[in-house]
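Trainee: Spelled out from the first residue to the last, the chains are:
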Amino acid sequence: MSDNNKAVVDIDRSVYDIKDVENEQDFYRMEDGFTEDIVRKISEEKHDPDWMREFRLKSLEIYNKLEMPDWGPDTDDLDMNLISSYVRSKSDMKGKWEDVPEDIKNTFERLGIPEAERESLAGVGAQYDSELVYHNVKDEVAAQGVVYTDMESALTGEYSDMVHEYFMKLVPPTDHKYAALHGAVWSGGSFVYVPKGVKVDIPLQSYFRLNAAGAGQFEHTLIIVDEGADLHFIEGCSAPKYNVANLHAGCVELYVKKNARLRYSTIENWSKNMYNLNTKRALVEEGARMEWVSGSFGSHTSYLYPMTILKGDHSNMEYTGITFAGKGQNLDTGAKVIHQGKYTSSMISTKSISKSGGIGTYRSSVTINKEAKHAKTSVSCDSLMLDSISRADTIPGMDIRTNDADVGHEAKIGRISDEAVFYLMSRGLSEADARALIVSGFANPVSKELPLEYAVEMNNLIKLEMSGG
Amino acid sequence: MSEQSLLQVKNLSASVEELPILHDINLEIKAGETHVLMGPNGAGKSTLGYTLMGNPHYNVTSGSIIFDGQDLTGESADKRAKAGMFLSFQNPLEVPGISLGSFIRNAYHEQTGKPVKLLQYKKQLGEAMELLTMDGEYADRDLNVGFSGGEKKKAEILQMLMLNPKLAILDETDSGLDVDAVRTVSKGIQEYQKKKDGALLIITHSTKILESLHVDYTHVLVKGHIVTTGDGSLVDEINENGFEKYVRCEGCDGCSPLK
Amino acid sequence: MDLKMKVNHLPALTYRFLKSNDSEIDEKDLHIKSTRTPEPEKIPAGVIVRESISEEDVRGIFAKAKAKIESKKTDIPGPNGDTAPLNDSQIVRTGMGVEIDKLMAEMDAEVMLITTKEGSKVTEPVYIDFVLKDGECALGSQIVYAKKDSEITVIMEYDSEPEAKGFLGIQTRLLAEEGAKINLIKVQMLSEGFVHFDDIGSICDDKAYVHTINMQLGAGKTWGGNRTTLLGDASTFDNHTGYLCRNKQSYDMNYVADQMGKKTASNMIFRGVLLDEAVKTFRGTLDFKSGSTGSVGDEQEDTLLLSPDVINRTMPVILCGEEDVDGRHGASIGQLGDDTLFYMESRGIDEEAAKKLMIRARMESIARMIPDEAIIVRIQQFIRTIL
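Chains as they are written, first to last, in our numbering: chain A, -4 to 464; chain B, 7 to 265; chain C, 496 to 882.
Just chain A, same shape as in the assembly (with noise of 0.2 Å):
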């Protein structure tokens, strides 16, 4: 922690506050709502292939059917008529970042985007509202013939047999009704392909920017890490804060096969106006190993359990969240794991802090299937309460149908203990700071599993937190 603590920097909100005046002749604004005609015309905008705009028509006929969860967080104002599907600038996607429009380029600079892509990622894709304005591979990442694209490209490239044949399997439409919205209206988003045996050193990395008031994102990311291959992805998210509600209803799909290995690392810091009801999903087949890194630091309401389905023998997966929520958030976090094939072991650990009447919730889900002999499972989820108009709730749910398992769980809710902040005090710390030091340390073991610079980001956002930010 004192090493991460030595790199911070001060910050200032203000940085993904500023809304970027979109001059409305350079952006092209689908009307609000979802209708038939929308979709027709977002696919029509588009150029999808035939069989898409139908998998579009028909996702739609299903979240018309579908109704919403009666378990999550109150979505009651979050009026679906008022919602743009499509926003994009009328530039097109560029691969040099001098090329990218001023005023867009100005946003990711704020952000650091491409500072970040010179000192420490392989290649880097950013989205501005619904489609990539910006995509990047360095050239010997792309020599070992590692495919980083923007969906869209891949879905009539070289590539397309793949998208078609992946898309949307693993989270079908019919998976719940914001899969089903995802289905019908998606823009924008990434393709990943790493070839067999490939290792990706470092990162790849997707930034997602939803600027546009009162418009959803719905970005798809389809990643293969074929049989031996390792990859670390990262994404990062965030938006200026609007009086009107904002939808993000992206879907990640992540296959990872035989003996791969992909970590998947996200920091959300969208603004306090924007729904996340966000799905990913991970396929991990035999021998292979699933990572989740995943920071909730943002939003209004969240819906967020990456699954991940333990499908090949001896596969395993970790997930390791920290989830904050504050001050008119109400962040329902967690994650599944489905343990399907023999010896598969998962273990998830997860922190949350809820502060200022923020709601935090964690819930999951384990599953283990009859035939999953040899499972192991291991659940930790803690909790830390800041004050007493929050709320910390922790539900998890477990399914064992073998008897050949061993199951773990463990949960924890507590305060930060006067004691220790008395401690810290004695040594010279004002409360305020002895109170964000042992926050940052309840934070630690997720921020110890990034990059350095987006545990600094991390780090940052607990101290904005904290200060009542």
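Do not rely on the hints blindly, as some may be mistaken.
Said to hold, decoys possible - Using C-beta positions, here's what the derived DEER-type ranges look like: (1) B:ASP222 with A:HIS369: 43 to 49 Å; (2) A:SER373 with C:ASP771: 54 to 60 Å; (3) C:LYS743 with A:SER373: 28 to 34 Å; (4) C:ASP771 with A:LEU447: 50 to 56 Å.
Unchecked claim - Chain C regions said to be covered by chain A (calculated; three or more residues, Cβ under 8 Å): (5) 567 to 575; (6) 821 to 831.
What the hints assert, rightly or not - Coverage of chain B stretches by chain C, computed from C-beta distances (three or more under 8 Å per stretch; other residues unrestricted): (7) 58 to 68; (8) 73 to 87; (9) 101 to 111.
Simulated from the structure, these hints should not be mistaken for laboratory data. Where is the CB? At the ideal position from N, CA and C, for every residue including glycine.
Position chains B and C relative to chain A; hints supplied.
Mentor: Below, chains B and C alone, put in the same frame as chain A:
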């Protein structure tokens, strides 16, 4: 009986999770003999104890374990126990809901197949507990639950005395005990020695427990090999000079001295 | 009657696919004949037993506590998917919920009131035995009301003839006034042809203590609910549940410690064994309400799975709207560990015998808390017979 070996370990090699730990161990124990197995930490002493007793985590990769005329190499632990082998654990199991007394009675019944004569059993248990300076109420307490380290070790020795095996393997029974407790435990071991033909394999890395015991043979185990075997006086020598002398040795291809 | 009752609501709903948000009792084909709680064998001095209490009387008994509960309500919102409103109309909130109240009312179940006088510490248990014959369908409703600084122990045993079929539904509501102590023990040894539910709801005022012990050993289908409202400051709730499910038996539980007062403590322990094709659903919730400063809660679940065909669902929930609390939940679910087995085997106890020994040990560890030797012996016999 006295001419024939009770335990014969021939060219025994064993591994844990595919990591070889024991290499080509040969060991012979006759009825009534007391053997001591010494060696530095990590030498594989406890592994040998577990392997002899048949812990499924330890795989015998070659060699054999002949006990009382039977080849037990592939047998499960309960078969070995029924044949007369006993292992005193370093970390004995805790079982809420079953008392120490009733556990021993169960084990006795399983081993002999005979009904336990309650009065005789109670008398025997009482005497053994007295010898080990264990409060009689321990018999009614849940097996090892809430027992201190010393009490757990005493409970193991108590089981040894009650089950009366042909060979008792004592795995670091003295570790973590204070002087008084070591003395008590050693009294229990002496009592076992007194009885008939009970053989002992005492695994230890210190010599405290051996002070008041008669020792017939001493083996030194280093990096999974028995590097030397001597009589009881070897204990004193190691007590004085430690294991340094044995860490570089034949059959231990280029292993480094102790850290 | 032809209805399905929804009972055992998880206090905060979760994913539907886990099928644990509630449970349904199919009341079809039930012809309830008896609605009376058998008279206690002996009524110890200091205890008063009254039969056929009216609903108005019941409301009267709990009126003061209800008013206190109302006064403690805050603006802190409930959890996501809150199911509290579903059962708000109960006089005393119980583990299984309002549908049980409705069933009891519809069937005119007689309510037995067992009271202690103020300050009266009764050590001798009040013992009630339900013995059911083949084809018998019965309901029973009791209130145990321990007045200020009094103490009472109630033991209820449910037995049937072997091979008998039938139904037994029980609701027991408890009120422990300031400084009072209630021990409630329930031992269920019905034959497998029985459908059974046992619903408990308690209110604990200042410094009061409720201890429930449940042994679930028989019946084909069982629902169990147990909800304690720790209303008063420094009130305490302990629970020990032991269950053994075999063949196609199912056991559906909902335990809630609702911690409202300051410095309340709850401690819930569950030890169970599943054999054959048994199905178990466990819901256990610690609910720290805003204002429950200094409260602690602990919930430990330990389940031994001894057949590849069992289904074990576990929902360990902690809800929290208060900063100054300490809540914990631990669950350990699986078969006999390798280390356990090796230790047993090293003492000559083979795998089959070790399993039986561990089953008995688990049941025994709960059963021996019952302050009645004769019942402990009957439990031991029952277990020996079925193993």
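Trainee: None of the hints should be skipped; say for each whether it holds.
Mentor: Evaluation of the provided hints:
{"no.": "1", "hint": "B:ASP222 with A:HIS369: 43 to 49 Å", "verdict": "44 Å, holds"}
{"no.": "2", "hint": "A:SER373 with C:ASP771: 54 to 60 Å", "verdict": "27 Å, violated"}
{"no.": "3", "hint": "C:LYS743 with A:SER373: 28 to 34 Å", "verdict": "30 Å, holds"}
{"no.": "4", "hint": "C:ASP771 with A:LEU447: 50 to 56 Å", "verdict": "54 Å, holds"}
{"no.": "5", "hint": "567 to 575", "verdict": "holds (count 4)"}
{"no.": "6", "hint": "821 to 831", "verdict": "holds (count 10)"}
{"no.": "7", "hint": "58 to 68", "verdict": "holds (count 5)"}
{"no.": "8", "hint": "73 to 87", "verdict": "holds (count 5)"}
{"no.": "9", "hint": "101 to 111", "verdict": "holds (count 5)"}
Checked against the numbered hints above, the structure violates only hint 2.
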